[in-house]
Each structure stands twice: as C-alpha cells, then as structure tokens.
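**Q** Chains as they are written, first to last, in this note's numbering: chain A, 1346 to 1677; chain B, 1346 to 1677; chain C, 1346 to 1677.
A hint or two may mislead.
Since the list gives no way to pick one copy over another, a pair counts as held whenever it fits inside one copy or between any two copies.
[Claimed, not checked] Below are the EDC-like pairs computed for lysine to aspartate or glutamate, each with C-alpha atoms no more than 20 Å apart in a straight line: (1) K1421 - D1563; (2) K1530 - D1639; (3) K1435 - D1380; (4) K1375 - D1473; (5) K1535 - D1436; (6) K1421 - E1640; (7) K1528 - E1350; (8) K1530 - D1436.
Keep in mind the hints are simulated off the structure, nothing from the lab.
Listed below, chain by chain, are the residues.
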Amino acid sequence: MKIRELARLIEGMVEGNDDIEIKGLSGIEKAKSGDLTFAIDEDKLAGAEKSAASCILTNTTTRKSSKALIRVTNPKLSFLIIYNTFNAPKDRGSFIHPMATVSDSAHVGKTVWIGPNVSIEEGVNIGDHVIIESNSVVKKNCEIGSFCHIYPNVTLYENTKLQKNVTLHSGAVIGSDGFGYVKDKGKIYKFPQLGKVIIEDDVEIGSNTTIDRGSLSDTVIGAGTKIDNLCQIAHNVRIGKNALIAAQCGISGSTVIGDNVTMGGQAGIVDNVTIGDNVTIGAKSAVIGSVKSDEIVWGVPARPIAQTKRQMAVLSWLTKNFRKEGGRLGKG
Amino acid sequence: MKIRELARLIEGMVEGNDDIEIKGLSGIEKAKSGDLTFAIDEDKLAGAEKSAASCILTNTTTRKSSKALIRVTNPKLSFLIIYNTFNAPKDRGSFIHPMATVSDSAHVGKTVWIGPNVSIEEGVNIGDHVIIESNSVVKKNCEIGSFCHIYPNVTLYENTKLQKNVTLHSGAVIGSDGFGYVKDKGKIYKFPQLGKVIIEDDVEIGSNTTIDRGSLSDTVIGAGTKIDNLCQIAHNVRIGKNALIAAQCGISGSTVIGDNVTMGGQAGIVDNVTIGDNVTIGAKSAVIGSVKSDEIVWGVPARPIAQTKRQMAVLSWLTKNFRKEGGRLGKG
Amino acid sequence: MKIRELARLIEGMVEGNDDIEIKGLSGIEKAKSGDLTFAIDEDKLAGAEKSAASCILTNTTTRKSSKALIRVTNPKLSFLIIYNTFNAPKDRGSFIHPMATVSDSAHVGKTVWIGPNVSIEEGVNIGDHVIIESNSVVKKNCEIGSFCHIYPNVTLYENTKLQKNVTLHSGAVIGSDGFGYVKDKGKIYKFPQLGKVIIEDDVEIGSNTTIDRGSLSDTVIGAGTKIDNLCQIAHNVRIGKNALIAAQCGISGSTVIGDNVTMGGQAGIVDNVTIGDNVTIGAKSAVIGSVKSDEIVWGVPARPIAQTKRQMAVLSWLTKNFRKEGGRLGKG
C-alpha cells in the first residue's frame, strides 16, 4: 500500500514522497526499508530517521525530515489502527481437539476452537467464535460470551460469567474462593463463598492474575477494563468501566471502584472503601481509605500527590540540614 | 425450617414471629422473601430491614425491628453454622477419569475423585475422600492425606506432604525449588534444594500461591493456617498454627512464625527472623527484624503501630507547617 | 568416600581424622552419623558440633573442634560442589508420553522427555536432552535449546526462545501480551504486542513468574540470571547477565538493567529507566528513576541506602523528641 493510501486511512497529512510502497510495520529499533514506523516526539523522530524505515508516522509539531512523514494527532493510535486494519484476528474455524474433555451437557456455539487437554464441565455455555487454548479448565455452569479468548492453563471456577470479547491470559484463575473466615475462640471457620465473578465486555486479564468470587454478592469487572499480570482482586470487589490496573496490584474485599481508574504497579487498596471515577493511584501506593473522583493519590499511605511530594521534599530537607544547624542529629 | 428451630440450632433468642418458614440463606443485597440474612451492626440492620429477607440474625445489642430477629453473640459465625448444617460437602464418589494418568505405583485410597488430565506420578500415596481436579499434577512420592481437595491446575513437586483436609486452590505451586544460590568469582551456583514442604491439617492455600521446598530442612505450614492468593513462602520457612496471611504477602527464607499470626495484604518479612505468637502485621508492611509475641506492627519498615502512626502524624505536621514558620522550606 | 578424598576434591585442609568414611550430605538440623555438613561461622559450628555429623566443612578462621573439619574459603560453595559431584542430573532417556500432543511439524531433538498432557504446537523446535513435564504448553514456533527443563503447568507463548540449560518452574508464563494500550477519547485500544521473549543460557525462572513479550522489540533475560517466584517482567525489558531477582519483584516496561544486579523481594522499578551494572536494590524498594552502576539503593522511593537510613533516623528522632521540646506535636 502506498503512503498516500495509508495517510487517507488515518486522516493524516503527508510530508515528502507519498508514492512509496509500504510493506510492513515495525518499531524504530527493528525497522527495515519499506517499513512504516512511528515517532511520538523529536527524540524518537531522530532515532526513526537513523533507521532504515521508509516512512515515519509523527505528530503535527515535530520538525521536518528527509524521510517521508505522515502527520497525525496521535501517532501511536494511528499506528495501531493501521496494524489492526491489516491484521484482523483470524477465525480459527470449528475445532474440538480429541484430547479435550467436553461434558455432554455443555453447549458449544458456532466456530468455537477448543485445544488439547481442555476440560469443560457440566452445564457450561460457550458462545460463538470462542477460543479456549490447551489445558484450560472451565468448571460447572460457567458462561462464556462470544469472541472470548482463553489462553492456555487458565482456570474458571463454577458459575463464572464472561460477557463478550473477554481475553484471559495464561495462568489466570477466575472465581476461586474469597479469603473469608470467622475467628471464634481461637478456631478459624471458613465463611461460605457463594457468589460468582462477572466479567463484562472487552475486558483483558493478565497472566497469573486471580479474581475471587463474591461471598454473598458477586465480584464484577466493568466493561473495557484491563488488568495486568499477577494482580489480586478479592471477593465482592466491583471495578467500573475502562480501568487500567498495572501488574501486581491488589484490591481487598468489597471495595468499589468507579470508571476510568488507573492504578500503577504494586499498588494496594484496603477493603470496604470507595474509589471514585477518574482516580489515578501511583505505583506502589497503599490506599487506606476512600478516594474522591478525579483525585491523583500516591504514597504509603496514599495521599493527594502534591502532599506526598511536599512531604518527601520536607523530609529530604530535614535529613540534609539537621545535623549542620544543631550540631547533632535532630536538634533544630 | 422454622425460625424457632434455627434459633435452637445456634442457641439464639428470637424476637418477633418465630413460626416463619426459612427457605434459604443470603447476604443483605440478594435477600428474597423466605431468606435468612445477618446484620453485624445498626447500619447493616437498617439495610437488612429494607431487604425482602424474612428473618435477620443479629447481635444482642442492636435495636428492635419490625422483622423477626434471632439474637446471638456472633451473627456471622451463627450464619455460617446454619449454612454448613444444610450444605455438608458432598462426597463425589470413586472416580478416575479415563484421561487422567495415574502411575501403577501410586496408592489411591477409597472414594477418591480424580479429574481429566490429572497426572499422578510414581510412589504417590493418596488418602481416602480426596478430590484432585482437572489438570493438576502430583509429582513423585507425594503424600496426600484424607479429605484433601486440590483444585484444577495445581502442581505438587516431589515429596510434598499434605496432611488431612488441606485445600489447594488453582495455580498453587507447592514444593518448587527455593531461591538459593552461591556467588563465587562472578559466577552463580545453584545450592541444592533437597527438603520438602509439609502442610498440616486444615490448611487452605489460595490461587497461584507458591511455597518452596526446604533446602536442607523442610518448609512447614502449621495446622489451621489460611494463606490467600499470590503469596510467596520461601524455603525453610516455618509457619505456626492458625495464621491468616492475606494476598500477595511474601515470607523470605528460613523465617520462623509463631501461632495465630495475622498478615495484611502485600506485607513482606525478611529472611532468618522470628515472629512470635499472636503478632499482627499491617498491610504492605516491610518487616526487617524479629517481632515479639503479641505485638502489632505496621509500616515500611515495620514498627509498633503506635510509633508508625505518631511518625506519620509528626511528618504531616511538619509538612503542613514548615514553610509558614520559617519563610522557606525546612527552616524551623 | 573418605574425608581426605573429599578434601582433595575441594582443595580443603583436613583437621582431625581424615580416614572417616562419609556416606551422605545434610544440613546441620538433619545430620546423621556418617554425614558431612557445613558451618559458615562460629555459631553454626557450635550447632554442627552438637549434631551427629561426622565431618564439618568450615572456613579458615573458625575455632578448632572435636569433630573432623575440612577448612575451605567458602564452605557453602564447597558443599554444593561435593553435592553436584555425586548427584549429576540423570538423563531421563527418550520418551514422549502417549497423552502428550506433539505437532507433526515440531522438531524434537535427541533424548527428550515429554510428559503426559503436554501440548507442543506447530513449528516448535526442541533441542537435545530437554525435559518438558506434565501439562505444560508450548505454543507455535517456540525454540527450546538443549538441556532446558520445563516443570509442570508452564506456558510458553508463540515465538519464545529459550537458549541452553534454561529452567522454568511450574506456573511460569513466558511471552504473554504486554500491558500496552492507547487511550483516545475515553476508549482504550490495545497496542500490538509483536515481539518475543529471549531467555539466554543458564537462566532459572521461579514458579508463577510472568515475562511478557516485547511490543515492537523483544524482552531479553541475560545469561545466568535467576528470577524467583511471582515476579513480573514487563514488555521490552532487558535484563543483563547474572542478575538475582528475589520473589514478587516487578520491572516495568522498556526498563534496561545491567549485569550482576540484585533485587530484594517485592521491589519494583518504573518503566523506561536504566539500571547500571552491579546495582543492589533493597527489598520492597520503589525505584522511580535510573540508577548508576555500583550503587546500593533502598526505600520508597529508592535512594542511596545511606541517605534512606539517615532519613529514617532523622524521622525517628523527630518522632521521639518533638512533643517534649515544644509542649505540643510538631512545635520545634
């Protein structure tokens, strides 16, 4: 496809020769002649110019270049739109591997692909165009909506409900028992874990992430939310739409999270609090109370980010200056 | 069952109509007419009164209600006693799925259920009434006591010993090699990991939790201990009885933990220290030394909780007041 | 083997009867008569003397003993050299379990052992002397070098490349999609994840650790590096040679790490930074910027360790003394 045709696809403006044939897409590092790459700023543009790439997607403010440019508002977004245009996910066709174990009482939709050593238990309902890869286990009465993709070695406990186009990466465990116990006279009793997990449309869950089922209500992951690897979502948690939760985060029991929330890696939230819409939680934060909509919090414990930064600055100043002024540690 | 009969079962005192027939149990949120629910305080009681529930289990101090109440000391405990009375775990009967691979030299007890794609290696000894679900792997010479329940996709390395009534959730890995290396002249040598993991009676281990086997001694999890999802227990660790360890905690090598210890989520303990009995470790704490019995510690690094809280208060005061008093940051 | 023969093997100096026959190796705790154990300091030596061990490997500076000693520079290293001499890993022979699913287009080397319920997809290339245990999944076009050992329930995504002698413990997921999204007008688009994971020679990866494949470049784990359980290595990360990364660490996207780096448990590093050679990162640190070679950093956020320790000391002094001097909290 020629540069001018690609530019039309993403409503970009060409600078330079728009007649060059583009044969592939690549990052700056691996770009070959004939490739389109992208550069989100001047630094990256300099790198892209040194590469063998034949055309560079960039924003509207970077400098001119000896290479052909396509200027757009969001080069990274335009790059992925082009990628997706030429790499539509292929339907794998209808297939149940002879080494898969599918219960007679399971319902399997159209054009479903089930790999070897998959176990599908009684009463499971699988929609159309679903892919379930090798060695995954789907326990009783789960519902799997159309276009879901379950990678190898995933486990779904009973009654888990995946809506449409949910992606679960390897090792994810959805619907296991919540950590609910009652202590009485030195003995520990397990509290019933009877709820389920509901994962709404277009959610992606990372490798080895665990989501516990509700105890008496349900655990819910809102539409469009993306959760990275090794996260823990406890029982009864409700996460809103379009959250981005980075790796190794933990959300404790019954906490409710609004829409468009972002969590940096290794952050944690205590149980039974409410996080508003559009909240950003910095990496490794310990959120120990509710957070209002639109706040940015960070720290251990987490506070509004300006406050945490000022606190760090004050502490650094004290650490540096204390001894000098008083002759000994801490004498102000 | 009628309210008066349920009350007798849990030694509760009925207030209101004790003749109503109870058909089910549920949380406040999902309660239907005919259901029993529970309310641990005035707030929850108000919620329960608005629900369709026909009877509310509550404590001895909440206000009167227009709904029938059963008053007990610990409503949550009584609720689970009633639940367990009517939901005894069902024996699944004797079953070995034709797609399971069970070594001829393994011993399988009575009324054992083994799902598809399970792999049981040489010399394994499985007690009575054990359930091993789909795609779990039990390596050589493991011992699995009676009434153990192993969920799908669990791995037990060689020689792991589960005593009675141990529950392992999906993705748990028990007995993998500890992280033991010796550095010499820039090279890293793997130290032998020859011990095993012993898990005592009534332990429950969460999804994707990892417990390494001992290097030269054993790793031991004491009776009644409950470990949540995604925890890491390193080689040679010994945990006492009835610990409650929340998700994403890490306990480093050779650390010894007493009885009745509680750890909040994402807490960590360094290697080679001793934690006494009845210690509580707050969420996200970094425990960098031994802790005496009965202490409550919190923080990074962890200190007695009153000290950590005072430190946070002092630091907050300084952060707020410093600039005002001196005209510039840090001038006291 | 006699003590004098063992001493010769490790170039040690015998003190006491060098004619005793050694029948086994063990830690101090489990030592029986006829065993060799080791003691790295005076304390351990005292313990070893109380044991039934017949000979103690120790360093060159500990006191004399009534038991036979072998003195060496590094007793732990010498212990493992003796262990490895007598416990060479056994070749399991050529074996493909009938319950394994191996694609016709996969190439399987000599003396390869493949367990039950393993799934090997199209185009996979497996070198000689490889072991792939039960229920592991190797997706399309992976390359597995000679002498690799893959424990049960591991998943390798497409195109993953393991060089020689790589060990992957159970539940590890290598090559899953990185957490890369582009937000535009409230919608979240998945960015293509097209790179692969390359794991160089002699690497060991712990249980349930996840390593994401690169987005447009590759994720690389350098030769000799050891990664513990439950770690997260994000897309495009490059780790140098001989790193030691303890459990539950997280390394964010595109971060580059030099050679001989050590990370304590639960530490995290932000994305897009550079960590030099020989850097040590303390447990639970939050590294929020680049770190120069040879530095030791610790803390949340991580700083040079002396600075973090002084900061903690200053804060402790303030916390203890503030009230006394001013009559109220914070009045200096």
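**Q** Would you mind marking each hint as holding or not holding in the structure?
**A** Evaluation of the provided hints:
Within a single copy, K1421 and D1563 get their C-alpha atoms only as close as 37 Å, which misses the 20 Å cut-off; across copies the closest is 18 Å, which meets it. In the homo-oligomer, the alpha carbons of K1530 and D1639 lie at most 20 Å apart only across protomers (16 Å), although the nearest pairing inside one protomer, at 44 Å, exceeds that limit. Taking identical chains as interchangeable, the C-alpha atoms of K1435 and D1380 are never at most 20 Å apart, the minima being 23 Å within one chain and 49 Å between chains. For the homomeric pair K1375 and D1473, neither the shortest alpha-carbon distance inside one copy (37 Å) nor that between copies (31 Å) is at most 20 Å.
Proximity of K1535 to D1436 under the C-alpha cut-off of 20 Å is restricted to the inter-copy arrangement: shortest distance 19 Å between copies versus 44 Å within a copy. With identical chains, the CA atoms of K1421 and E1640 are never at most 20 Å apart, being 27 Å at best within one copy and 35 Å at best between copies. Neither within a single protomer nor between protomers do K1528 and E1350 lie at most 20 Å apart by alpha-carbon distance, with minima of 68 Å and 25 Å respectively. When the C-alpha separation of K1530 and D1436 is checked against a cutoff of 20 Å, the pair qualifies neither within a copy, at 58 Å, nor between copies, at 29 Å.
Taken one by one, the earlier hints fail for this structure at numbers 3, 4, 6, 7, 8, listed in ascending order.
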